[in-house]
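Asks: Here the protein sequences come in this chain order: B and A. Under numbering that gives the first Met the number 0, think of the first position of the first sequence as 0, with each following residue one higher. Under numbering that gives the first Met the number 0, think of the first position of the second sequence as 0, with each following residue one higher.
Watch out, some of these pointers could steer you wrong.
[Said to hold, decoys possible] Stretches of chain B that chain A covers, calculated by requiring three or more beta carbons in the stretch to come under 8 Å of a beta carbon on chain A:
| hint | stretch |
| --- | --- |
| 1 | 132-142 |
| 2 | 195-202 |
| 3 | 254-266 |
| 4 | 278-287 |
| 5 | 291-301 |
[As the list claims (entries may be wrong)] Far from chain A, some chain B residues (derived; all Cβ distances over 12 Å):
| hint | residue |
| --- | --- |
| 6 | 51 |
| 7 | 72 |
| 8 | 104 |
| 9 | 113 |
| 10 | 181 |
| 11 | 240 |
| 12 | 314 |
| 13 | 317 |
Bear in mind the hints are in silico, worked out from the structure with no lab data behind them. Every residue, glycine too, gets a C-beta built ideally from N, C-alpha and C.
Here is what each chain is made of, one letter per residue.
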Amino acid sequence: MKLPRTAIGTMTALGLGLMTAFAAAQTAPDEPSYAELNDAIITHQIAPAHEAFAIAAQDLASALDGYCVAGTGDLDAVSDAYHNTYDRWMAVSWVNFGPQSLFMRPVRVHFWPDSRNTVGRQLAGVLNEPRDDLLDPEVLGSASVALQGLPALERLLFEGDGLEPESYTCALGIAIAANLEAIGADLSAAWSDPDAPGAALPDDAALAVTMFQAAFEQLELILTRKLAAPLGESADQARPRLAENWRSGRALRNIGVNLTTLRDLTENGDQAGFADLLRDAPGGADIADRVIAELDAAIALAEPLRDQPIAQLVADPDQRADLVTLGQHVAEARRIWSDEVGPALNLNLGFNSLDGD
Amino acid sequence: MSLSRRAFLSTAAAASLPLRPSLGSESDTAGWYMSGGADAGMTHHAAVIDDAGRTRLAHELPARGHAAAVSPDGRTAVLCARRAGRFVTVINMPTLSAVHEIAAQPDRHFYGHACFSADGAVLFTTENAFDSGDGRIGVYDAVNGYRRIGEWRSHGIGPHELVLHPDGRTLVVANGGILTHPDTGREPLNLATMAPNLALIDSQTGDLAHRIEMPQTLSLLSSRHLSVSRDGTVAVVMQYQGDESATPPLIALVNDRNGLEFLNAPDPVQTAMANYCGSVAFDRGGGCFGVSSPRGNLFTFWQTDGRFRTSVSITDGCGIAPGSAAGTFVLSSGTGGLWRFYLETGHLQPLAGPIAPIAHWDNHLTAL
Chain B
0 MKLPRTAIGT MTALGLGLMT AFAAAQTAPD EPSYAELNDA IITHQIAPAH
50 EAFAIAAQDL ASALDGYCVA GTGDLDAVSD AYHNTYDRWM AVSWVNFGPQ
100 SLFMRPVRVH FWPDSRNTVG RQLAGVLNEP RDDLLDPEVL GSASVALQGL
150 PALERLLFEG DGLEPESYTC ALGIAIAANL EAIGADLSAA WSDPDAPGAA
200 LPDDAALAVT MFQAAFEQLE LILTRKLAAP LGESADQARP RLAENWRSGR
250 ALRNIGVNLT TLRDLTENGD QAGFADLLRD APGGADIADR VIAELDAAIA
300 LAEPLRDQPI AQLVADPDQR ADLVTLGQHV AEARRIWSDE VGPALNLNLG
350 FNSLDGD
Chain A
0 MSLSRRAFLS TAAAASLPLR PSLGSESDTA GWYMSGGADA GMTHHAAVID
50 DAGRTRLAHE LPARGHAAAV SPDGRTAVLC ARRAGRFVTV INMPTLSAVH
100 EIAAQPDRHF YGHACFSADG AVLFTTENAF DSGDGRIGVY DAVNGYRRIG
150 EWRSHGIGPH ELVLHPDGRT LVVANGGILT HPDTGREPLN LATMAPNLAL
200 IDSQTGDLAH RIEMPQTLSL LSSRHLSVSR DGTVAVVMQY QGDESATPPL
250 IALVNDRNGL EFLNAPDPVQ TAMANYCGSV AFDRGGGCFG VSSPRGNLFT
300 FWQTDGRFRT SVSITDGCGI APGSAAGTFV LSSGTGGLWR FYLETGHLQP
350 LAGPIAPIAH WDNHLTAL
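With the hints as constraints, model all of the structure from the sequences given.
Replies: Here it is in structure tokens:
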């Protein structure tokens with residue numbers, strides 16, 4: 000069995016292949032093909048996924064309101080709504096362009112990584128000396144980004160004594176959910192009308208490469224931050240608290256949703272995805288099949304572990320081995336994406352980011 | 000979505016055919032921008048972009064360019080070869096035509112940046128005396144055919160960006176500290192002994208006025224790019240050469256000669272900067288500045304007093320230049336996009352010029 004040291008070595012040594020991406024300017028998809036891909040992905044995937052997030056955030060606000068104020072709801076309903084909202088966010092978290100570019104929306108929803116415990120420190124400050132002004136979602140929406148989103152709510156729900164109805168903590172939870180509801184509504188509105196100036200989208204060729212690179216970076220984030228960091232070099236050196244959402248036991252559930260989204264972006268039934276363009280390019284069908292196989296293999300490993308606490312996963316020898324194998328599939332998907340998918344579609348990664356000046 | 004966008008693009012494309020003004024006419028390029036860039040076939044150009052984002056000139060370069068510099072009267076601009084390159088292309092702005100190409104001395108190469116003296120008579124470039132590895136400032140006569148008229152020490156290794164202080168006399172030089180040699184390409188040869196600094200050099204004598212060293216604990220922070228505000232505040236941005244799991248500061252201000260004031264963004268933003276800053280620019284008013292982190296697909300914006308304001312994500316975004324109004328910036332991307340950013344409202348406006356021959360904007364955007 001390969002130990003994580005090998006896995007991590009593999010994980011970080013890759014990506015150099017990007018350098019070669021510029022070499023190939025073969026028969027490239029033309030502007031209309033990119034436009035078609037962009038349209039399909041925005042219309043059938045990005046826009047509905049944002050609508051689902053907006054609705055989930057609204058439901059979360061209602062659930063908190065019911066539990067905290069009206070006395071009609073229970074904590075399980077709040078917990079379910081919290082998980083549903085996070086699932087919906089993880090399905091759009093690969094998007095770092097367009098409406099996401101502005102107002103630090105992604106960081107306000109999901110302040111992570113947080114290696115300096117900014118969320119914990121700021122939340123402790125507010126809970127020790129409650130500020131009523133923060134209960135106004137608009138005020139909260141322009142307060143510290145660490146207090147505004149799901150990681151702060153995660154601590155209110157899963158740390159300490161939990162939520163007491165009628166408490167300041169509960170009221171702050173409602174304000175956070177209302178802020179998420181507002182951000183979700185803004186994002187959903189912007190994605191439903193991508194021609195509006197607020198969408199801030201570049202033109203078709205630039206947008207295609209932007210989406211391609213965003214998918215690559217999601218694979219990179221899963222590999223380095225979500226898997227390699229908590230795994231560490233050995234079970235003894237594992238650092239489960241570097242995992243994402245370990246407090247609410249969502250580390251692998253997030254990865255599963257992220258990977259499924261990338262899988263759908265590549266190919267999802269009869270909806271157009273990157274694989275459709277690939278199948279039109281010379282040798283592209285094989286590339287498409289291989290990247291899909293890697294993503295499917297990774298998803299199959301992540302799914303059964305979705306509700307397992309990460310502290311247990313990184314310590315248990317068998318489950319740890321599963322995580323390493325999962326990482327290897329993600330690493331291979333990333334390699335194919337940058338070294339093969341990009342050149343085949345003439346989508347060049349990193350003109351500036353790989354320049355080194 | 001793309002119906003209207005495509006329709007707009009094709010209309011705009013039809014209008015773009017004459018890239019240059021007709022013979023004999025002169026362009027007023029104030030408020031325009033210059034940048035290096037590559038077309039879809041990866042041929043490199045020096046490009047001039049008007050205030051609406053339309054490419055008005057795409058002059059083919061011998062190899063990849065890096066940064067531009069403009070003369071104080073706005074009538075001349077230069078585009079320097081990328082590091083280890085050997086040319087600086089001189090462009091006459093009113094006629095939008097290349098008029099000269101400066102060649103590097105046999106035992107020197109350019110680092111990618113240049114600036115003019117206050118009277119526009121002299122051009123300064125950062126250069127590598129690669130046999131010794133010493134950083135040099137090349138001095139060229141901008142009035143008489145760009146004859147090389149002298150050379151000074153840059154007082155460090157790997158000088159990269161240099162700017163003229165608003166006192167009109169002092170050159171501020173970012174010595175990135177990394178030793179390279181053409182025989183080994185762009186490979187850093189001295190990570191163990193790196194000593195990056197900022198050197199303040201008298202542009203009339205070449206004398207060192209002052210040198211601000213990177214603290215020893217941060218010796219792997221290569222100070223590569225800088226910008227200076229109207230009141231003389233210097234913002235310097237770094238590229239970290241150490242372990243990728245560290246999150247060192249990447250931006251510093253120099254308000255006086257006492258040293259560097261390091262700035263940090265909120266944790267997820269600082270992490271997203273990926274230990275690499277590509278470019279920095281103050282706005283026209285000098286009250287704020289923006290920094291690009293192309294490896295993190297991110298621009299961050301800061302008050303001149305050091306406070307973090309916000310971040311904007313743009314894939315492979317690197318070029319940043321002041322917009323015509325205070326609090327506005329123009330941003331460019333390696334994916335080919337150009338945007339105007341309004342710091343007060345947080346809005347980002349794509350500049351959709353005609354389909355330009357440029358598909359990838361290079362690291363630096365310079366306001367003309």
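Asks: Does each hint hold? Answer for all of them.
Replies: These are the hints, each one checked on the structure:
no., hint, result
1, 132-142, "violated (count 0)"
2, 195-202, "holds (count 6)"
3, 254-266, "violated (count 0)"
4, 278-287, "violated (count 0)"
5, 291-301, "violated (count 0)"
6, 51, "19 Å, holds"
7, 72, "31 Å, holds"
8, 104, "9 Å, violated"
9, 113, "5 Å, violated"
10, 181, "15 Å, holds"
11, 240, "14 Å, holds"
12, 314, "21 Å, holds"
13, 317, "27 Å, holds"
The structure fails to meet hints 1, 3, 4, 5, 8, 9 from the earlier list, while all remaining hints are met.
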